[in-house]
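> Now for the letters of each chain:
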Amino acid sequence: MERWYHCNRFSIKIDAVSSEHILELANLFFDETKLTSLSFIPEK
Amino acid sequence: MKEYNLIRLDNGIRILLHYQNSPITHTCLVVNAGSRDEKVGKYGVAHFIEHLLFKRTERRSTNQILRRLEQVGGDLNAYTTKEYTCIHASFLNPYLERAMDLFEDVLFHSTFPQNEMEKEKGVILDEMASYLDSPEESIMDDFEDLLFKGTGLGHNILGTEKDLLGLQRSDIEDFMKGNYDTEEIVIAIAGNYTLAQVERMANRIFGRIAPNKRGNKERLTLENEGQHVVVKKPINQAHYILGIKTFGIYDERKTAMLLLNNMLGGFGMSSILNLGIREKYGIAYTIESNFTMYSDIGHFNIYLGTDEEKLKKAVSLVYKELSKLRDKPISEYHLKLAKQKFKGQIALAEEGRMSMIIAEAKNIIDYGEVVSLQQVFD
Numbered sequence: 001m002e003r004w005y006h007c008n009r010f011s012i013k014i015d016a017v018s019s020e021h022i023l024e025l026a027n028l029f030f031d032e033t034k035l036t037s038l039s040f041i042p043e044k
Numbered sequence: 001m002k003e004y005n006l007i008r009l010d011n012g013i014r015i016l017l018h019y020q021n022s023p024i025t026h027t028c029l030v031v032n033a034g035s036r037d038e039k040v041g042k043y044g045v046a047h048f049i050e051h052l053l054f055k056r057t058e059r060r061s062t063n064q065i066l067r068r069l070e071q072v073g074g075d076l077n078a079y080t081t082k083e084y085t086c087i088h089a090s091f092l093n094p095y096l097e098r099a100m101d102l103f104e105d106v107l108f109h110s111t112f113p114q115n116e117m118e119k120e121k122g123v124i125l126d127e128m129a130s131y132l133d134s135p136e137e138s139i140m141d142d143f144e145d146l147l148f149k150g151t152g153l154g155h156n157i158l159g160t161e162k163d164l165l166g167l168q169r170s171d172i173e174d175f176m177k178g179n180y181d182t183e184e185i186v187i188a189i190a191g192n193y194t195l196a197q198v199e200r201m202a203n204r205i206f207g208r209i210a211p212n213k214r215g216n217k218e219r220l221t222l223e224n225e226g227q228h229v230v231v232k233k234p235i236n237q238a239h240y241i242l243g244i245k246t247f248g249i250y251d252e253r254k255t256a257m258l259l260l261n262n263m264l265g266g267f268g269m270s271s272i273l274n275l276g277i278r279e280k281y282g283i284a285y286t287i288e289s290n291f292t293m294y295s296d297i298g299h300f301n302i303y304l305g306t307d308e309e310k311l312k313k314a315v316s317l318v319y320k321e322l323s324k325l326r327d328k329p330i331s332e333y334h335l336k337l338a339k340q341k342f343k344g345q346i347a348l349a350e351e352g353r354m355s356m357i358i359a360e361a362k363n364i365i366d367y368g369e370v371v372s373l374q375q376v377f378d
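Protein chains in written order, with this note's numbering: chain A, 1 to 44; chain B, 1 to 378.
Since the hints were made in silico from the structure, they are not lab data. Keep in mind that the hints are not guaranteed to be accurate.
Beyond 12 Å from chain A on every Cβ pair, some chain B residues (computed) [claimed, not checked]:
| no. | residue |
| --- | --- |
| 1 | L6 |
| 2 | F54 |
| 3 | E118 |
| 4 | P135 |
| 5 | L147 |
| 6 | K177 |
| 7 | G226 |
| 8 | P234 |
| 9 | A238 |
| 10 | T255 |
| 11 | I302 |
| 12 | G305 |
| 13 | E321 |
| 14 | A338 |
| 15 | K339 |
| 16 | Q340 |
What the simulated footprint calls covered on chain A by chain B, stretch by stretch (three residues with Cβ under 8 Å from a Cβ of chain B suffice, anywhere in the stretch; the number is not a length) [claimed, not checked]:
| no. | segment |
| --- | --- |
| 17 | 13 to 23 |
| 18 | 30 to 36 |
Cβ atoms here follow ideal geometry from the backbone N, Cα and C, with glycine treated the same way.
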């Protein structure tokens, strides 16, 4: 899969990202009760 | 010579010139309309149009369209996303006018003959079938369908077989009239030209196009309700995707989210997921994370493919890694390393000049300006 990072330009500078920002996002989006999953399993 | 120049024609069409001292030109035309703009019952029309643009125009046959740039060694192609449609071309510098004239012809003067429409439906049906043979690809789209069910983002770009077979010329015309807003068409050129040259060419070729306005776009709100779906398929290994809806391109937290995604499961073999699961336990040939942003919403996901017997273990390890990130801030040292890696990857990606110019055209549509690499870094 090609990843075109420059398709996602930046609203704040990369250097301004702090470990608190990362922690806040992890708590916002890695909540087990809100995550959705899809599995493709081989037929027997 | 300014690096970037933006021209706006009276009909609203904008032309971005990114000056580059090269004998080769990369150019694209981006229309801010894609599969999420399709009406129920007409799924697949945006992509169908993209296929038909190279078929016949008022003054050119299919062969003439296909030969126009290829006979000077150039390359012409197009693709459709959920939010935009793009035609792009690369060629030696003397042929910019030829390419611009071709873009204008296929976008505004295609005739969509019935026999070509029927032939192309067959091609797209084959495209759908080949896609179903790639579960690692189709699970991504099925996951978006699940997350965004009932919205414009909740159906595949290729459409459905039933809708595709029912599409008529009037559906194409309705879609283009309703969505091809001239204020939201950007032509971007990366090449060795003066502003005056491009201005003259753009006015002559695109200046005569009548302005067109679109209706309101769909706007989605961020709500997440976890759900877990298992589908049995005639495949040999298990494919699994876990994710959540996020904010879209205008949220100021997106840089941090891109960095987090890159650390967790981004490009390369040294991501947290790859080292912590594949390398440590020998589970999952592929494990990666993705962060996709649309204009109003986005989604983050982790994908892995593994033997069915190893799936449970792999999933528990994924949850464990997520839990670590939730519970404790990453160290300043690891954050510094992550930024260094991410910046280097962004800089390397700029080397792909075609994808760069398409991204810049999208920047103009989304933000009204181009953000250069230097601005991102300084």
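> None of the hints should be skipped; say for each whether it holds.
These are the hints, each one checked on the structure:
1. L6: The assertion about L6 of chain B holds, with a minimum of 15 Å to chain A.
2. F54: Consistent with the label, F54 of chain B stays out of reach of chain A, its closest Cβ about 22 Å off (over 12 Å).
3. E118: 32 Å, holds
4. P135: 5 Å, violated
5. L147: 6 Å, violated
6. K177: 28 Å, holds
7. G226: Its Cβ does come within 12 Å of chain A, the nearest being 5 Å, so this is violated.
8. P234: At roughly 5 Å from the nearest Cβ of chain A, P234 of chain B sits no farther out than 12 Å, so the non-interface label is violated.
9. A238: At about 5 Å from chain A, A238 of chain B fails to clear the 12 Å cut-off, so the statement is violated.
10. T255: Non-interface label on T255 of chain B violated, nearest chain A Cβ at 5 Å vs cutoff 12 Å.
11. I302: 9 Å, violated
12. G305: 9 Å, violated
13. E321: E321 of chain B not clear of chain A: closest Cβ-Cβ about 9 Å, inside 12 Å.
14. A338: 9 Å, violated
15. K339: 5 Å, violated
16. Q340: 10 Å, violated
17. 13 to 23: holds (count 11)
18. 30 to 36: holds (count 7)
Figure legend: structure checked against the earlier numbered hints; hints not met, in rising order: 4, 5, 7, 8, 9, 10, 11, 12, 13, 14, 15 and 16.
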